[in-house]
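The listed protein sequences correspond, in order, to chains A and B. Heads up: the first sequence is residues 1 to 117, going by this note's numbering. Heads up: the second sequence is residues 1001 to 1301, going by this note's numbering.
If you are wondering where the hints come from, they were derived from the structure by calculation, not from laboratory data. Here the structure is a predicted model, which is why all the values come from computation and not from measurement. Ideal Cβ placement from N, Cα and C applies to all residues, glycine included. One should not assume that every hint holds.
Said to hold, decoys possible - Some but not every residue of chain B turned toward chain A, in silico, with C-beta under 7 Å:
id, residue
1, V1071
2, D1085
3, N1087
4, T1113
5, A1126
6, T1128
7, T1173
8, A1180
9, L1207
10, K1209
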Amino acid sequence: MNNDPKKDAVLEEIGEALNAYESNSVDLINRAFQEGGPQAVKAVEAEYTALQHAYYDLLNRQLVTNSATYPNLMDQTIDATNQIKNSISGLEKVANVFKAMKQTVDLVGRVLVLFGV
Amino acid sequence: MSQTIKRSISALLIAGLLILSGCDEGAVRKLGAKIGSRGQDVGTAAAKVIAELDEFEQVDYEQRLRVGILVRPPAMGTEDLPIVDHNKLEQDQITQREKLYKQLAKAYAALQTLSETAFADQSAAAVTELNNSINNIKAVPNIPVGVSSALSGLTGLIVDRKQAKDIRKYSLTLANLIKAHRALWESDRQIWDNYLARIRSAYIDQLNKTEADRFDLQQLRKIVTYPYADSYLINTYKAQEAARLDSRITEIKEHLDAVDEAFSQLEKAHKELTEEKPSYDDIVSSLDRIVTILGELKTNS
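Only chain B is shown next, with the shape it has when bound in the complex (with noise of 0.2 Å):
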């Protein structure tokens, strides 16, 4: 009687400390799952918008050369073009920037499936198979059924043990290396508006002082949508082609902030995971937010 009163209680720990374990470590591999796919959507955003800034550069040759083509002097012909050049960001720089922001995504992509992967319920199913596999060799005396369920009980905690460990011991590692992610994003940011403030100012100046025998008044009146006589004609398109400019670079600029704006919230929900009680709603809190500024980048563009 007293054996089975042990054993009672003995089964009755396991489960308990099944429950209370499984509440925490389910806790921590669902933020691991939820910072994982968030940190990809960073590292794909923030890749995408080195491309956007590279691409940006046709843009800038295209409209570089017409206006050279415009303030030249009608005397000099048009048959030989100004010399245009390419203003070209070195390429591989450029390059390098959106490999590491995809391998980034990539190394997010891995900590998701090392959280939302069930390799507790994997293991102890192959605990449990491997345990009807005795039983069913006759010659073998079955193994008592609490103590086959204990086993796959027991295999199953240490492996979530060991995920909930693992994602933790992840998350510090990506924490540090966000943290440099971040500041190489910051060092560039002034480059960044270096470029789009000289691809702006090549254009918009000179078009400005574009002389007014240059417009065909019919033609622009096909692209100007505003009302006005002919003789505003001119000033109008001018004023709408910077504002088509400047509408593109702000939302560049706005892509750069939210990435940014991301990178930090990124950083902040890895910095609350490593702490010894993290706070789950703050981290939630920082995720979210990241879902919200991609979100809107994602309607923005």
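Isolated chain A, as found in the complex (with noise of 0.2 Å):
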């Protein structure tokens, strides 16, 4: 990975917490309705969902810093494609080039036959 150091910094450490908190949710939670009721548990809930989007929006992040690293790679692969089928026509064309030829000459023979030469 092309890693930005802070960035991986911060990605670890929001991995840490969020392990944290999945392997301490049942007593966070059990915590929280007792000293606030419902609304205390959605709190800790919506807590922890925001930390799991501040970790895949660095996930998500990477992935677009990574494709911009090869920016042109599509288009070089559907180049290379091309080039590769356009010499494909071009072997080809030899042997249509010499059909063509081939049925000029079977027109030309048939003209010579229909006028007695």
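Two chains, each in its own frame: build the complex with the hints.
Written as structure tokens, this is what we have:
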């Protein structure tokens, strides 16, 4: 990964916070319920969701960064495909030229027969 | 007499040249076709692994929703569900990658067609037919048999050489391309590892702490396949769930590794083919290795 150390450190910290929440979610939610009822539970859950968003946002940014490192890869791959296809057409043309010449010769032959040459 | 000897020597030289050049170019064509075929396998496998990662998002969502319900205190009631969002990887990026690897497979399909098609035979046959047509015109003198066959032979030779030259040329193009594809694949790897680790933690860490009163032992007995007493069922179920998820994650990681290794072998094969004196054995060995790696991938999934 073309890593930005700061971004990596933040990703690791958020990951650790999420891991800590997940390992203790039962206790945290029970305590929140005892102290503030359903609203407090929802608030804790919302915090957890926000942390997850932050984590996935960083993963997605890294995906975008990686794509940007190879901006022309798709175009280059399409270009290579087209070049190979053109080569195939070029090689096919050789036989096609002789086939066209044969048709012309056949036509000339028929004309000569027609006129009794 | 001396004319006849000269003609015979010329004919022998042409035949020898055709045989000699035919060997080398034939080998290049065979290898080009093999590389084309293996390259398609690699591109298709890469696109498939990306699709697997994408599909895993739904598994993650369902697991988090389930465990989110379980960790809530019973006194909260079951009327409203916890808010659980889809933790999606950016769809544009996923789609872009799937398309990219599918396009790579198309490039290799073209290389296979370029290598497999007997353009020289097609051209030689067209020249022979042209000669026959000329010979059929009574007003025109027949082309001597020797000249006629030399013409079609030489045409075939020229086309053969051009074809081999093109296969080598595009092998070099694809070699550079595959290097970039592999670099992207390796750059993305840490993201996939983090993504998979996150999915595991979000479900298994929470499930492991879920209290015993959330489980129905009678129902659990139907799911847990081990012959343990009721008091062990809950923990055994949790272990079974962790093993199930770990097995799937390991499988996806093996697929990611397999594609990486296949990219590397493909790169090696290309590099060897572009050498002045390529070792055909090394190329074939790299390509056979791809068959083994990706074959294992197919067997495991």
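- Structure-inconsistent hints, enumerated in ascending order: 6, 9
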